[in-house]
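Asker: Here the structure of chain A is known, so what remains is to put chain B in place on it, guided by the hints.
Protein chains in written order, with the numbering used here: chain A, 3 to 680; chain B, 3 to 680.
Errors might be hidden in some of the hints.
As the list claims (entries may be wrong) - Part of the chain B face toward chain A, derived, beta carbon under 10 Å: (1) T38; (2) N83; (3) Q140; (4) N482; (5) S485; (6) G490; (7) R505; (8) D549.
Stated by the list, open to error - One side of the interface only, derived from the structure: several residues of chain B facing chain A at Cβ under 10 Å: (9) T509; (10) A542; (11) T545.
No lab work stands behind these hints: they were computed from the structure. Treat the numbers as computed from the prediction; the structure is a model and nothing was measured. Glycine included, every Cβ here is placed at the ideal spot set by N, Cα and C.
Number of protein chains: 2
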Amino acid sequence: MRNPLFLTAISVLASFATGQTQPQLDLMPMPATVQTSAGQLLIGQSFSIAITGFRDASMNGAVQRFVAQLSRQTGISFRPNSAAPTLVIHADHGREPVQRVGEDESYQLTVAGAGAKLTAPNPLGILHGLQSFLQLVQVTSSGFALPAVTINDQPRFPWRGLLIDVSRHFIPLDVLKRNLDGMAAVKINVLHWHLSDDQGFRVESKKFPKLQESGSDGLYYTQAEIRDFIAYARDRGIRVIPEFDIPGHSRSWFVGYPELSSGPGPYTLDGGGVNPIMDPTREATYKFLGKFIAEMANLFPDAYFHIGGDEVDGKQWDANPNIQSFLHTHGMKNNQDLQAYFNQRLQKILAKNHKIMVGWDEILHPDLPKTIVVQSWRGQQSLAAAAKQGYSGLLSFGYYLDLMWPAARHYAVDPMSDAAATMNPEEQKRILGGEACMWAEWVTSENVDSHIWPRNAVVAERLWSPAEIKDVHSMYTRLNAVSLYLEGTGLTHRSARVHMLQRMAGTADISALRVLAEVVEPVKDYARWDDSKGPIDFHAPLTRMIDAVSPESDVARQFRDVVETFIQSDCKDQAAEAQLRAWLTSWRDNDVELHALLDKSFLLHEDTPLSADLSALGAAGLESLGYLDKAQPPPDSWRVQTRARMEEANKPKAGLLLMPVAPVQQLVEATERLTRHN
Amino acid sequence: MRNPLFLTAISVLASFATGQTQPQLDLMPMPATVQTSAGQLLIGQSFSIAITGFRDASMNGAVQRFVAQLSRQTGISFRPNSAAPTLVIHADHGREPVQRVGEDESYQLTVAGAGAKLTAPNPLGILHGLQSFLQLVQVTSSGFALPAVTINDQPRFPWRGLLIDVSRHFIPLDVLKRNLDGMAAVKINVLHWHLSDDQGFRVESKKFPKLQESGSDGLYYTQAEIRDFIAYARDRGIRVIPEFDIPGHSRSWFVGYPELSSGPGPYTLDGGGVNPIMDPTREATYKFLGKFIAEMANLFPDAYFHIGGDEVDGKQWDANPNIQSFLHTHGMKNNQDLQAYFNQRLQKILAKNHKIMVGWDEILHPDLPKTIVVQSWRGQQSLAAAAKQGYSGLLSFGYYLDLMWPAARHYAVDPMSDAAATMNPEEQKRILGGEACMWAEWVTSENVDSHIWPRNAVVAERLWSPAEIKDVHSMYTRLNAVSLYLEGTGLTHRSARVHMLQRMAGTADISALRVLAEVVEPVKDYARWDDSKGPIDFHAPLTRMIDAVSPESDVARQFRDVVETFIQSDCKDQAAEAQLRAWLTSWRDNDVELHALLDKSFLLHEDTPLSADLSALGAAGLESLGYLDKAQPPPDSWRVQTRARMEEANKPKAGLLLMPVAPVQQLVEATERLTRHN
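One chain only, chain A, in its complex shape (with noise of 0.2 Å):
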């Protein structure tokens, strides 16, 4: 006989392929199996944790710095007593010595109410089981608590990854490492650092001195403090592959080398205009490369080393005789195959220091051996196209957070869809992951945070969780609890804004600029880029409202929400009216408010036309509610002047989109159907 008990006790979500309901729970990513059921452990004051199996000192950190924040989350000062542990962790085997591309990183997680296990093969598996355990803890009406639950997780790609530029603005460790901590609370094993480009070189090298002392403003890494950092990656299961962009994106090596470039030089950091690129005809080359490689392979432990090789300029090659009578005595037809010879160099300098080579599309030449990684910023067909000569990929296409677009695109990209949809198994398996972007045009230390989280979370969970998993209002109702949990870990995403808002105002009373940047958006892909203004002057401040607002509008998303449901219900449910009515009525009179703060502060009044735009559109929107309510149709001369304003509010101003301007439109829209319904 089957016990009815049992059954309504526990709610199977073990399988997501099949469609069913993902659990209410504020995971992200999102496990690959699930299973709830009744009771919660409370977290009182004698939470203990008990470790049987194997332990180091790094597991004894990891642990610690759990129970830190187990403590922050709650605000209890754990006082551990003799009686049973509450959690027991159990790792069967240490890590590997430097980190692996697919070493084992699974966790069971078994939450009752009597107590929680945590096992894993090995210490990985423990961290990512820890930060589940984390994300799991809600306040309840009778205490801090987790809710039972069972978890089998593993990833789905080994390599997860974030890459940070921090060559156009620097970033200090200090930032680096609380981002270290928000990608190791969503899982993200892999930091691609990003450190030489045109505009920066910042690493220490003792070997070639002026690269980072001629080829910064003076702010880089030195080694030590790259030992520590990745050493602190490595305590959170993170690889940190450094990339040094070769032979293009490489003026700062040319200011203290210009020996090394194609040109004649000298080259300043900011000099713009020509594209300078290293010389691949000189043996110099090489030998300089086979120093600093090998002094960079010492210093970086993990497997893999990125030499970038992307959007090589070949304008200095053209130029320059030499290279263009190399290219005839060694019968090569283009530039794209000169690239590939300075490849083959650099991956046989690599294979010397243990090193597997990565670089973006543009390295893909079949002269390269398999071994190498591809990364592409071009697509999945591209990625595809490496799989299928045998190549191993990673996508970031679809993942640069400079783009400025919103979670749910970033979430709908999937390394397998697409063109990649077409790969035979042994093809899938070359597809080892993909990377998030942050591209550092227009990001500085301080508002770096809030431009990679949360929305990175979202990239996470694609990279992590199992491919079903792909609910928008779940991701985006998870991503709401992951950004304030993220916060809690040490990130600024949220905080800063505040700030950055603040110093704007010239006050502390931001109650109505908040309003207006609230429903604002940065412009989107390259639209802020300006050639016509010159090359970007990467020391200006970047403190205007396009720099201090969030990529993406929740408010404006929320709106368009309450929009639909209201247009879908043919424009009766009063509730939905009664939400759209506040927030128009608090649009429409916000510029009133504003105005003072607006002309009293140099960075706001490139504001002022963006705030009278929102005020026209609150009205629009009220005035529309207004004829919908009495089923009148509204004169043609409001529909002309409305149809002006909604336009003028359409324009991206100050850098800025007003995002409610689509939603409103529908309200507006609506009217014209009652006209002809009527």
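Answerer: Coordinates of chain B only, in the frame set by chain A:
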């Protein structure tokens, strides 16, 4: 002929003693003299500094911190060019090896359109002047700028302190360091470090290691940490005075060394009941203290050493036959005589170690030399009594930040007023200054900032600025600005509150919770202490609403001010009424919004009746306005019902007071006058 341009361009505010208007600058503490003039100094990327005169590593560090803070405030990365420096800094000579009471702290700061100059006899004045400079930076319509100004400044009192108790709740060094930064920002120059008390001994003693090992929960400062911390304080112009409270308040000593006590022992940190005190009759006690003080005198370089001496509960002395016999043999009349004997012995030990004794009121005894300093928690009368006997004094009465008083109440307390006003000039000179006190029964590292700041800034102003600076309206305007400024230096008094409310709510959306949190204050004085519940559990979480809210409600104060305006206008001021209606409506309607949250979280259950009271308060206020609008006397039934609602709302609940009760009561009473007049 007079130059009218000159007259309009310069508003002279040379002396506040003459009762002239105080300038509208967001400076706190207000300088001794400020002259404003036309023009402003813009802060741009080329901002640069020249140091002329004295310089050393500490001064360079101060300038570096100043530039970093200016960069944070403005968001500008400075790139000094070779033109004339924006700010010239000149100190005549260096500081004394150990910062001395009364060492010159004066400075002169001149800001003009073309540049600024900061001069001082020594770097202490430079430190203060740099803080004034930072507080002057404003956002304007043409950029970040300082108004043209000439400041001649020096402190009224040489000893301006903050006591932080780290015994009851341990406060980590990073939290203390950010508080040192905050202290420096408002020119406080003494940290009085209350390092031992019944509940914990927080310093590493190498000679008597059981002091910290048995006398704490493992949380204490090592000597290396203390040296680093003292250097950090010195770099900021702050002296560090250690306090080891004896012979009372010293249970933590006896856990490891019970032989020092006057009772049989053994002792534990948690033990309630008896208040154990040191045995002043045994020579072994002085041998111990001799060694201990020699060790600590070497660790803490300041000339002053605080031995506590307060609240000696004589029960153990009374019960100990040996001590009673000692009293008899030495012809002592009572325990006061015995404590005086103890202090005389202590004073000799301190003098041998080149230290000056500081203690609380209770140490005052004619047998002690006039060199000692008496710190008064009892009041100006006690302070004046000491001064009249020739002793130096410090005022702490009226500056106890743990009593949850509003800033204005602390601000009104002057060391020279009330009973102290009878002192002659010679006696007045003996008043060195005062100290705010942060006793730590009810604060943790999480909320200690919000219990110190921003209120401590008004004590800082009272002790620095001329006595005539006492306009409360100006104080609150400037306090609002300085509070934001202090948060920008790294303090968390504003952000931690948000974090704590979010923890209680379990969500980021705390808008409804904030409405309630912003109008309540913790109960005052010692009303939170409840002896009937036994000794305080210092390990219990401090995560309730009472722990999160500000000791002073800004919203309630503003509401009260608008009610006053409205009543004074004979209930005719429509703008005031509209403001009141907005507040009252949000309060009335908030309970519905908040209810789900109050149910969901165990930390919020206790606030359920408060939320209902606030709703009732909003309704009563709105109904009162309704009667006033119509000039219609309310029915008796309403009066009876409203009186009951107000009485209920006036009762503290969950340790909190609903602050708008009194002003709403004023509105209710206004309706009664209405009846009488009609």
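Asker: None of the hints should be skipped; say for each whether it holds.
Answerer: Okay, the hints, checked on the actual structure:
Because the smallest distance between the Cβ of T38 of chain B and any Cβ of chain A comes to about 18 Å, over 10 Å, the interface hint for this residue is violated. For N83 of chain B, the shortest C-beta to C-beta distance to chain A is roughly 12 Å, which exceeds 10 Å, and the interface hint is violated. Checking Q140 of chain B against chain A by beta carbon gives a least distance of about 6 Å; that is within 10 Å, so the hint holds. Using the Cβ-Cβ criterion of 10 Å, the hint placing N482 of chain B at the interface with chain A is satisfied: the shortest such distance is roughly 6 Å.
Evaluation of the S485 of chain B hint against chain A yields a held restraint, the C-beta minimum of about 7 Å falling below 10 Å. At about 7 Å, the closest approach between the beta carbon of G490 of chain B and any beta carbon in chain A falls short of 10 Å, and the interface hint on this residue holds. For R505 of chain B, the interface hint holds, since its Cβ comes within 10 Å of a Cβ in chain A; the closest pair sits about 6 Å apart. For D549 of chain B, the shortest C-beta to C-beta distance to chain A is roughly 8 Å, which falls under 10 Å, so the interface hint holds.
Residue-level restraint check for T509 of chain B holds (minimum Cβ-Cβ distance to chain A is 7 Å; threshold 10 Å). A distance limit of 10 Å between C-beta atoms decides the matter here; for A542 of chain B the minimum to chain A is near 8 Å, and the interface restraint holds. For T545 of chain B, the interface hint holds, since its Cβ comes within 10 Å of a Cβ in chain A; the closest pair sits about 4 Å apart.
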